[in-house]
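Chains as they are written, first to last, in the working numbering: chain A, 1 to 448; chain B, 1 to 448.
Everything labelled a hint here was simulated from the structure, so no lab data went into it. Mixed in with the good hints there might be a few duds.
[Claimed, not checked] Only pairs whose alpha carbons sit at most 30 angstroms apart, straight line, appear in this in silico BS3-like list of lysine-lysine:
# : chain 1 : residue 1 : chain 2 : residue 2
1 : A       : 112       : A       : 86
2 : A       : 281       : B       : 281
3 : A       : 21        : B       : 307
4 : B       : 64        : A       : 410
5 : B       : 354       : A       : 23
6 : A       : 354       : B       : 323
7 : B       : 307       : B       : 323
8 : A       : 86        : B       : 281
9 : A       : 338       : A       : 323
[What the hints assert, rightly or not] Per label pair, the in silico range of CB-to-CB distance:
#  : chain 1 : residue 1 : chain 2 : residue 2 : range
10 : B       : 345       : A       : 215       : 34 to 42 angstroms
11 : B       : 5         : A       : 274       : 18 to 26 angstroms
12 : A       : 37        : B       : 435       : 55 to 63 angstroms
13 : A       : 426       : B       : 274       : 52 to 60 angstroms
14 : B       : 294       : A       : 215       : 17 to 25 angstroms
15 : B       : 90        : A       : 338       : 32 to 40 angstroms
16 : B       : 333       : A       : 214       : 26 to 34 angstroms
17 : B       : 275       : A       : 352       : 34 to 42 angstroms
[Unchecked claim] Coverage of chain A stretches by chain B, computed from C-beta distances (three or more under 8 angstroms per stretch; other residues unrestricted):
#  : segment
18 : 29-40
19 : 57-63
20 : 95-106
21 : 116-129
Everything numeric in this text was worked out from a predicted model, so none of it was measured. Note that the Cβ used here is the ideal one computed from N, Cα and C, for glycine as well.
Number of protein chains: 2
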Amino acid sequence: MVIRPYGYAIWEAIQDYLNVKFKETGHSNMYFPQFIPYSFIEKEASHVEGFSPELALVTIGGGKELEEKLVVRPTSETIVNHMFTKWIQSYRDLPLMINQWANVTRWEMRTKPFIRTLEFLWQEGHTAHATLEEAEKEAMQMIDVYTKFAYEQAAIPVIPGRKSRVETFAGANRTYTIEAMMGDRKALQAGTSHNLGQNFSRAFGTQFMDENGQIEHVWQTSWAISTRFVGGIIMTHGDDAGLMLPPNIAPIQVVIVPIWKKGDEKSAVMEAVASVQNILKEAGIRVKVDDSELRTPGWKFNFYEMKGVPIRLEIGPRDVTNKSVVISRRDVPGKQGKEFGVSMDPSILVDHVKGRLEEIQASLLEKAIAFRDSNIVDVSSYGELKEAIAEGKWARGPWSASDADELKVKEETSATIRCFPFEQPEGAKKCFMTGNPAEEVAIFAKSY
Amino acid sequence: MVIRPYGYAIWEAIQDYLNVKFKETGHSNMYFPQFIPYSFIEKEASHVEGFSPELALVTIGGGKELEEKLVVRPTSETIVNHMFTKWIQSYRDLPLMINQWANVTRWEMRTKPFIRTLEFLWQEGHTAHATLEEAEKEAMQMIDVYTKFAYEQAAIPVIPGRKSRVETFAGANRTYTIEAMMGDRKALQAGTSHNLGQNFSRAFGTQFMDENGQIEHVWQTSWAISTRFVGGIIMTHGDDAGLMLPPNIAPIQVVIVPIWKKGDEKSAVMEAVASVQNILKEAGIRVKVDDSELRTPGWKFNFYEMKGVPIRLEIGPRDVTNKSVVISRRDVPGKQGKEFGVSMDPSILVDHVKGRLEEIQASLLEKAIAFRDSNIVDVSSYGELKEAIAEGKWARGPWSASDADELKVKEETSATIRCFPFEQPEGAKKCFMTGNPAEEVAIFAKSY
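With these hints in hand, go ahead and build the complete structure from the sequences.
Listed below in structure tokens is the structure:
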């Protein structure tokens, strides 16, 4: 997959936001090698089992056959633990909290742009702690950072929760996830945070001396969000006319299209356009002027609608005379989304545009919540689940059945447990599969 | 190589600066796959010749032997051209100017942290133009961006110039370089910019229709700076006590060390420390407080000297009473670099610290220029060159001899032509090797 500038700019917006949050929560960026000796991968039993079908292997380097094959990292827990073992001696070295922005490789046969690709970009956080409680708190904190990002920046109303045992990350004790409903109602796992327990620290001998002089294995977490999230944004908010980007992460928040017919109109229009551009830019708004003379205004309207730019400003000769602009909202089609005669006066225009951007941001989230909620069905029997899934919906119901039952559901309906949501209904529950008491409801859906 | 947080933070400072400059000069970030089919690499004859000894090859993916070996990118000209060929049709699509931040792999046997590593991080710019003149202008513009960065941010007085034919990038017509003198007087090639001519566009059939309807091959450039530059900063400015970081790219510009002995002194000192920290932070200064009670102030002084933090502030009980701080400059050792009784008043302190940071930035550059200039010898015979190189210096002299002569110098002295500097002395010159007329002086040195 090649990531072209517009998609990459969305990824940069994701990076800019998360980088600040990661640093605020005490993490430092660093970088680990991407080639991992095969023997490292083999050290944690369930990890190698989970990842070995997906590995890309380097066997030749500098013209020679290598003695030990090198794995192109599918994730970095093993090489991170190899280094943590050298860096950690005592409780004074803990917690150790790092993050890396990197490319990873997982051999995929059925690829889909942004969602499932052989190589993708991501951030992976890795932490080591003195106690299980601290590791658990960290894993929860990071899924919370992801949840807030999804709601507030990407306008995606993800459902945070815990993965089932079957769906837990290879090498983790617990996996937390945020699950997003795409426009086609398939689920997208948009970010995960793992409580790794002592699985990797035991495999790699990552130990520390505690305050009482006892040698213990560290407790660890890891957590990641990838370029898949860019696909999630595209598939949550689009419509038939193209993308619809949430203002907070849109590479272009406002596009200005100058309109003029006769040659003598041009200079006045372009002067006004430049002035409005400056006013918005100074106010911190990401604005682009498309003054190309190779395309008509109508072509540009369609083009930036397709690109999902939240607001379009049109400025023509009459607007120049009236010292006003025409504003169109991407999320409200047709005349309803159009305002005429909005003053160019900086003190009015800036507040007006900022207000509209906020409205669009809120409105996209609201619509996505309504769509999500109208497509989740509460079920109390396996028959009801099958029906919901067959209709393309998500099914939510009490679940305490076995791993084997979970795999049976997958085989028969293609739906998997997306998560046990953190938000649970009150009261006694009965497993819809077995009729036994159940502590929690689970959400089932087909997924990417 | 693992890049730990402090080194990575220097790389982030480099990224932050260059990213802005690249965008200002019209480039967009994007991302290309790192696995390149082997057949791509073979298409440009001198490119494959130059890179094939250094390649890492993936031969197994998803458990199966691959039909075509994949090269882990050593640089991306080939895959970029593969895509450019699809994206470029007409002169309207030009110039096409992109950049990518990525990891690259070159199989190195003799590695050295930051300077020569099997995998490193870099940015690689790639552009396509309608004319040779435009490509040449772009290649020169980017070496100029690098030169300004080196001088103004990294305080490294690099010498920009053109590589000899022997040292030109595999696949380029011309390579421009910035050459830096390290503390041990070895040369470091710190950044390069290539005019690729039509070499890759002919190999990949990257063509466009010009304004007259003629089909032409595009003219291209590529240019790169890598994590090697972090090594360059470290090896330019250090002394026996450790690093010495230029304030403009130092992850920590000011470290505050609180000093207190009796328990009842602590709260007043820490209150003053917090207040000073806030004052500096608000002013945009990167400040860190080290309030650990596990280490003594003396230990901290040494530690942050070693880390190269430009300014240290000490605040003790007497300073609290006087509402003042003690300031120490990293670049001026001992008492001379120490100021007592600098007022904590924000209106005085901020200007004072900012002024000192600027002085340190300027002083590091000045010292590096003096060091460089005292270690370059003008030579007018091969004997003089041998003498200069044997003393560990750089030799500068008129050169118009053959590639074979250049290789002879390398064999006999280990020195190579680093560049024909852009800045040339006036007047007629005679090649110091052959006695023939020479148009330019070249700089010879041993290098990393």
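Does the structure keep residue 112 of chain A and residue 86 of chain A at a Cα separation of 30 angstroms or less? 39 angstroms, violated
Apply the coverage criterion to the segment 95-106 of chain A and chain B: a residue qualifies when its Cβ sits closer than 8 angstroms to a Cβ of the chain, and three qualifying residues are needed. With 4 residues closer than 8 angstroms to chain B, the segment 95-106 of chain A meets the three-residue bar; holds.
Taking a Cβ-Cβ distance under 8 angstroms as contact, does the segment 116-129 of chain A have three or more residues in contact with chain B? n = 3 at 8 angstroms, threshold three: holds.
Three-residue Cβ test at 8 angstroms for the coverage of the segment 29-40 of chain A by chain B: Coverage by chain B holds here, the residue count being 7 at a Cβ distance below 8 angstroms.
Holds or violated: residue 354 of chain B with residue 23 of chain A, Cα cutoff 30 angstroms? 25 angstroms, holds
Under the criterion that the straight-line Cα-Cα distance not exceed 30 angstroms, is the pair residue 354 of chain A, residue 323 of chain B satisfied? 44 angstroms, violated
Status of the given 52 to 60 angstroms range, CB of residue 274 of chain B versus CB of residue 426 of chain A: The hinted range 52 to 60 angstroms is violated for residue 426 of chain A and residue 274 of chain B, with Cβ atoms some 45 angstroms apart.
Proximity test - 8 angstroms, beta-carbon atoms, the segment 57-63 of chain A to chain B, at least three hits: holds (count 7)
Is the hinted pair residue 21 of chain A and residue 307 of chain B satisfied, with a Cα-Cα distance of at most 30 angstroms? With a Cα-Cα distance of about 26 angstroms, the restraint between residue 21 of chain A and residue 307 of chain B holds, given a limit of 30 angstroms.
Going straight from one Cα to the other, do residue 307 of chain B and residue 323 of chain B come out at no more than 30 angstroms? Within the cut-off at roughly 28 angstroms; holds.
Compare the distance between the alpha carbons of residue 281 of chain A and residue 281 of chain B with 30 angstroms, and conclude whether the hinted pair is satisfied. Given that 30 angstroms is the threshold and the Cα spacing comes to 26 angstroms, the pair holds.
For the pair supplied as a hint, residue 86 of chain A and residue 281 of chain B, is the alpha-carbon distance within the 30 angstroms limit? Judged against 30 angstroms, a Cα distance of about 34 angstroms means the pair is violated.
Checked against the numbered hints given earlier, this structure breaks hints 1, 6, 8, 10, 11, 13, 16; the rest are met.
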